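Enquirer: Based on the provided sequences and hints, a complete structural model is requested.
Which chain is which? The protein sequence lines are A and B, in order. For the first sequence, this note's numbering gives the first residue as 22, with consecutive numbering after it. For the second sequence, this note's numbering gives the first residue as 153, with consecutive numbering after it.
Hints listed in this document are in silico derivations from the structure and should not be mistaken for laboratory results. Predicted model only: the values in this text are computed from it and were never measured. Check the hints yourself; a few may be wrong.
Claimed, not checked - Quick list of in silico lysine to aspartate or glutamate cross-link-like pairs, EDC-like style, CA-CA up to 16 angstroms:
1) LYS454(B) with GLU121(A)
2) LYS175(A) with GLU196(A)
3) LYS628(B) with GLU176(A)
4) LYS130(A) with ASP50(A)
5) LYS448(B) with ASP625(B)
6) LYS175(A) with ASP625(B)
7) LYS201(A) with GLU176(A)
8) LYS175(A) with GLU244(A)
9) LYS284(A) with GLU600(B)
10) LYS448(B) with GLU286(B)
11) LYS543(B) with GLU121(A)
12) LYS179(B) with ASP518(B)
13) LYS330(B) with ASP156(B)
14) LYS628(B) with GLU196(A)
15) LYS426(A) with GLU376(A)
16) LYS454(B) with GLU387(B)
17) LYS405(A) with GLU415(A)
18) LYS383(B) with GLU415(A)
19) LYS405(A) with GLU376(A)
20) LYS179(B) with ASP625(B)
What the hints assert, rightly or not - Covered stretches of chain B (chain A as the covering partner; in silico rule of three or more C-beta atoms under 8 angstroms from a C-beta of chain A):
21) 415 to 426
22) 532 to 539
23) 590 to 599
Ideal Cβ positions, reconstructed from N, Cα and C, are used throughout, including at glycine.
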Amino acid sequence: MQNIDLAIIGGGPAGLAAAVGAHTQGIRDIVIFERDSTPGGILNQCIHNGFGLHAFKEELTGPEYAERFIQQTKDLGIRIRLNTMVLSISPQREITAVNEQGVLHVQAKAIVLAMGCRERPRGALNIPGSRPAGIYTAGTAQRFVNLNGYLPGKEVVILGSGDIGLIMARRMTLEGVHVKAVVELMPYSNGLKRNIVQCLDDFGIPLLLSHTVTEIVGRRRLEGVKIAQVDADRRPVPETEQYIPCDTLLLSVGLLPENELSKSAGVQLSPITGGAVVNEQLETSAEGIFACGNVLHVHDLVDYVSEESLLAGRNAARYIQNALAETRRNIPILPRGGVRYTVPSMIDPRLMDPELVVRFRVDQVYRGYRVCVYLGDHLEYSRKARVLTPGEMESVTLTQAMFAKQETVPSVTVSVERAE
Amino acid sequence: MVYDVAIIGGGVIGCTIARELSRLKLKTVVLEKENDVASGSSKANSGIVHGGYDCTPGTLKARFNVEGNTMFDDLSQTLDFPFRRNGSMVLAFDQDEIQHLEKLLMQGIKNGVNNLEIINREAALRLEPNLSDEVAAALLIPSGGIVCPYEMTFAFAENAAENGVEFRLNFPAESVEKQAGFFSVAGPAGEVRARILINAAGLYADVINNMLSQSRFTITPRRGEYCLLDKTEGELVTHTLFQLPTKAGKGILVSPTVDGNLLLGPTSQDIGDKELKTTTREGLQAVLLAARRDVKSLPAGKIITSFAGLRAIDETGDFIIGRSPDVENLINVAGIASPGLTSAPAIAVHVAGLVRELTQAEPNPDFHPVRKAFPRFRHMSDEQRNRAIAKNPDYGYVVCRCEQVTKAEILAAMRGPIGVRDVDAIKRRTRAGMGRCQGGFCMTRVSEIIAQELGIPLNEVTKNGGGTNLLMDLNKQDLHEGE
Numbered sequence: 022m023q024n025i026d027l028a029i030i031g032g033g034p035a036g037l038a039a040a041v042g043a044h045t046q047g048i049r050d051i052v053i054f055e056r057d058s059t060p061g062g063i064l065n066q067c068i069h070n071g072f073g074l075h076a077f078k079e080e081l082t083g084p085e086y087a088e089r090f091i092q093q094t095k096d097l098g099i100r101i102r103l104n105t106m107v108l109s110i111s112p113q114r115e116i117t118a119v120n121e122q123g124v125l126h127v128q129a130k131a132i133v134l135a136m137g138c139r140e141r142p143r144g145a146l147n148i149p150g151s152r153p154a155g156i157y158t159a160g161t162a163q164r165f166v167n168l169n170g171y172l173p174g175k176e177v178v179i180l181g182s183g184d185i186g187l188i189m190a191r192r193m194t195l196e197g198v199h200v201k202a203v204v205e206l207m208p209y210s211n212g213l214k215r216n217i218v219q220c221l222d223d224f225g226i227p228l229l230l231s232h233t234v235t236e237i238v239g240r241r242r243l244e245g246v247k248i249a250q251v252d253a254d255r256r257p258v259p260e261t262e263q264y265i266p267c268d269t270l271l272l273s274v275g276l277l278p279e280n281e282l283s284k285s286a287g288v289q290l291s292p293i294t295g296g297a298v299v300n301e302q303l304e305t306s307a308e309g310i311f312a313c314g315n316v317l318h319v320h321d322l323v324d325y326v327s328e329e330s331l332l333a334g335r336n337a338a339r340y341i342q343n344a345l346a347e348t349r350r351n352i353p354i355l356p357r358g359g360v361r362y363t364v365p366s367m368i369d370p371r372l373m374d375p376e377l378v379v380r381f382r383v384d385q386v387y388r389g390y391r392v393c394v395y396l397g398d399h400l401e402y403s404r405k406a407r408v409l410t411p412g413e414m415e416s417v418t419l420t421q422a423m424f425a426k427q428e429t430v431p432s433v434t435v436s437v438e439r440a441e
Numbered sequence: 153m154v155y156d157v158a159i160i161g162g163g164v165i166g167c168t169i170a171r172e173l174s175r176l177k178l179k180t181v182v183l184e185k186e187n188d189v190a191s192g193s194s195k196a197n198s199g200i201v202h203g204g205y206d207c208t209p210g211t212l213k214a215r216f217n218v219e220g221n222t223m224f225d226d227l228s229q230t231l232d233f234p235f236r237r238n239g240s241m242v243l244a245f246d247q248d249e250i251q252h253l254e255k256l257l258m259q260g261i262k263n264g265v266n267n268l269e270i271i272n273r274e275a276a277l278r279l280e281p282n283l284s285d286e287v288a289a290a291l292l293i294p295s296g297g298i299v300c301p302y303e304m305t306f307a308f309a310e311n312a313a314e315n316g317v318e319f320r321l322n323f324p325a326e327s328v329e330k331q332a333g334f335f336s337v338a339g340p341a342g343e344v345r346a347r348i349l350i351n352a353a354g355l356y357a358d359v360i361n362n363m364l365s366q367s368r369f370t371i372t373p374r375r376g377e378y379c380l381l382d383k384t385e386g387e388l389v390t391h392t393l394f395q396l397p398t399k400a401g402k403g404i405l406v407s408p409t410v411d412g413n414l415l416l417g418p419t420s421q422d423i424g425d426k427e428l429k430t431t432t433r434e435g436l437q438a439v440l441l442a443a444r445r446d447v448k449s450l451p452a453g454k455i456i457t458s459f460a461g462l463r464a465i466d467e468t469g470d471f472i473i474g475r476s477p478d479v480e481n482l483i484n485v486a487g488i489a490s491p492g493l494t495s496a497p498a499i500a501v502h503v504a505g506l507v508r509e510l511t512q513a514e515p516n517p518d519f520h521p522v523r524k525a526f527p528r529f530r531h532m533s534d535e536q537r538n539r540a541i542a543k544n545p546d547y548g549y550v551v552c553r554c555e556q557v558t559k560a561e562i563l564a565a566m567r568g569p570i571g572v573r574d575v576d577a578i579k580r581r582t583r584a585g586m587g588r589c590q591g592g593f594c595m596t597r598v599s600e601i602i603a604q605e606l607g608i609p610l611n612e613v614t615k616n617g618g619g620t621n622l623l624m625d626l627n628k629q630d631l632h633e634g635e
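Expert: What follows is the structure in structure tokens.
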């Protein structure tokens with residue numbers, strides 16, 4: 022059994038930033054476990070630009086953005102174990118992993134979970150029809166096109182308007198593929214506004230809102246899909262059904278935090294985010310185990326993943342340095358109105374940094390609303406929001422100063438409310 | 153050359169017969185139209201080893217079901233395929249149905265099924281705490297079991313191959329003729345001649361028979377739709393739960409699988425098309441509705457895939473097994489719908505007996521009954537993993553993370569006694585791509601391994617044989633062509 026200070030599970034953007042964060046706080050004995058042959062995670066196949074606008078104030082491609090952090094970890098001498106798959110984590114922070122040398126057991130003082138997320142597959146949607154070749158998640162297609170250099174098809178329909186699907190609509194169009202439509206079940210897109218504009222509108226690709234795929238047709242290779250409009254209860258309206266011939270269907274219907282390992286460690290998960298329930302330290306219900314990035318909750322922008330992960334790494338380091346030893350007094354952070362969840366979902370104001378970013382998503386599109394923060398019953402902060410959509414993560418910042426004004430705060434509430 | 157025996161159909165029936173025949177000194181060939189064995193009904197069914205309580209006494213189904221059931225403990229050990237005697241239950245929801253359970257119990261006893269018992273609601277709940285509030289009583293069938301139907305078929309096929317049976321994949325039998333002293337089976341892949349022909353062609357058994365015999369029959373495909381749930385739901389029930397059987401079959405069941413998932417289905421619908429393995433909105437809804445009658449809290453959100461299979465139904469409702477009345481040396485094994493999987497090992501012994509009568513063949517002195525599946529990383533202890541990796545580092549490279557399948561297993565499937573080269577065939581042999589992400593992560597990696605192993609470009613890798621290539625052109629193909 023090897024003993025180390027900090028183990029980071031996953032060498033994507035979250036894991037790399039967490040390592041840097043921990044190093045900044047003075048921890049040196051860090052190992053990143055990465056199952057792929059290179060660090061960088063999913064950024065390696067995201068060859069489009071638009072990364073880093075917040076973090077670096079410049080427009081980078083995915084691999085360029087990853088390279089910034091890879092270089093930093095190299096410069097800091099942080100160890101990365103590549104081609105190494107973590108198989109389980111115990112609540113006592115013992116890690117079992119495997120690579121071509123054999124099975125490893127590592128005991129860590131603290132762990133940062135940074136495994137990212139996976140795409141929701143066709144099966145989860147239960148779309149009726151046949152099971153031919155030509156149906157891929159958008160991310161699989163992205164890997165085929167960008168890393169292997171092959172096109173999955175020539176006539177494409179995309180189900181779901183998640184960001185990867187939108188990016189792939191543009192990417193494949195640039196390769197000469199005919200993207201016939203993006204079909205979205207909801208009355209709004211789940212992608213970023215900028216992606217709708219730059220990936221669909223600019224190329225004249227229709228976005229069919231409140232539509233879904235009702236049947237998959239084709240015995241060996243996909244031959245087409247039937248699509249239909251859906252009613253207010255998201256049920257297909259039979260009279261609106263139409264057939265679109267296509268040889269490829271891409272699915273961009275949601276991302277799911279990949280928390281199988283977290284479960285083995287006994288980490289409590291939120292049914293809403295699919296990620297761990299964390300406090301202001303980004304520490305999970307399992308002591309000394311922290312979480313950040315898409316394994317905690319699905320982000321839109323890697324810049325915020327990095328920001329969150331630097332914090333998680335730093336806090337994990339402080340835990341190792343015994344700086345979080347005080348008994349906690351958790352105050353819940355409650356989502357209300359259209360707010361679906363917050364991360365973190367609890368806070369101990371005595372242990373918080375001077376400022377704490379609380380991230381959240383709303384449950385539908387809101388126009389002309391206000392984002393409000395209550396400490397107890399007291400409205401502490403509010404701002405106007407021109408438009409809030411489920412596809413764009415929002416945040417509010419809590420400060421120590423806010424909490425200093427009240428003797429005891431029973432709870433914090435984040436809500437969206439109609440502007441007067 | 154002329155083979156002693158040709159078997160048309162590499163499903164569970166063809167493969168169990170092939171293995172049984174490999175005990176004899178015979179030159180046997182299996183002709184399979186698809187790119188792998190177990191590609192038809194044998195890959196898409198409930199995977200249940202039935203007790204035998206619901207077959208009409210005196211039928212072939214009753215006989216072979218009960219005989220076959222008792223063979224599974226030994227066979228699963230000898231041939232190393234997953235099987236568990238988890239027990240079945242038939243649920244009754246009111247007083248009328250409880251009376252019906254008693255009829256089933258009597259019928260089961262008549263068929264020779266042991267240890268049947270009707271238990272009240274409380275007793276049923278002790279065994280299955282998640283039964284719905286409406287369950288009134290249950291018939292308990294301790295001899296019921298579960299098996300992986302395609303892994304079982306692979307086991308028989310591989311052992312048959314190791315004992316000298318030839319397998320010709322991608323060999324559709326488009327024409328079958330009786331010539332002087334032999335049958336000629338021909339198709340685009342060539343011609344095969346054999347003295348004895350065994351028709352185990354599943355849904356197409358009628359087509360094969362009717363090309364040769366005046367004693368015609370018709371096989372009707374009966375479609376069954378299924379939903380498979382995530383392993384997180386695999387312990388919702390431990391027994392296989394049935395409702396009362398109807399004319400259409402044993403109804404929709406709720407069952408754990410040997411791999412730890414939860415299986416719901418099948419529906420039952422006669423259709424005209426022997427290839428129509430499509431699922432329907434109505435069918436999938438019917439599956440969920442029926443399953444929710446049996447158990448509480450069935451989360452539809454945990455469905456990881458849905459699929460349909462076709463059962464081969466003969467109008468008599470029974471199996472057709474035996475020598476053709478008018479064509480010498482033709483043996484039909486047709487209409488093998490449920491409980492066909494359970495019956496397969498017993499049917500095989502019976503059919504091999506018929507062949508022995510016809511040929512007077514001697515025992516094969518080199519017959520080796522034992523087959524070992526390639527070692528599965530997910531079943532190994534740490535020590536076993538270290539040993540496996542020391543011998544073959546590919547055991548340390550996990551390709552499918554949901555099911556923990558390594559590169560070594562994928563290569564073993566490709567290099568096995570019945571080597572395969574397509575993503576779906578590898579999936580069925582290794583489980584790579586069968587987990588909750590359904591290949592989202594590993595499909596690209598499996599494709600890369602296939603291309604590398606076969607020395608072919610990535611766009612020649614197929615999902616499931618000809619016409620199912622995963623990829624089309626290189627990016628900017630037009631530019632490449634200009635080079």
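Enquirer: Can you list which hints this structure breaks, lowest number first?
Expert: 1, 5, 9, 18, 19, 20, 21
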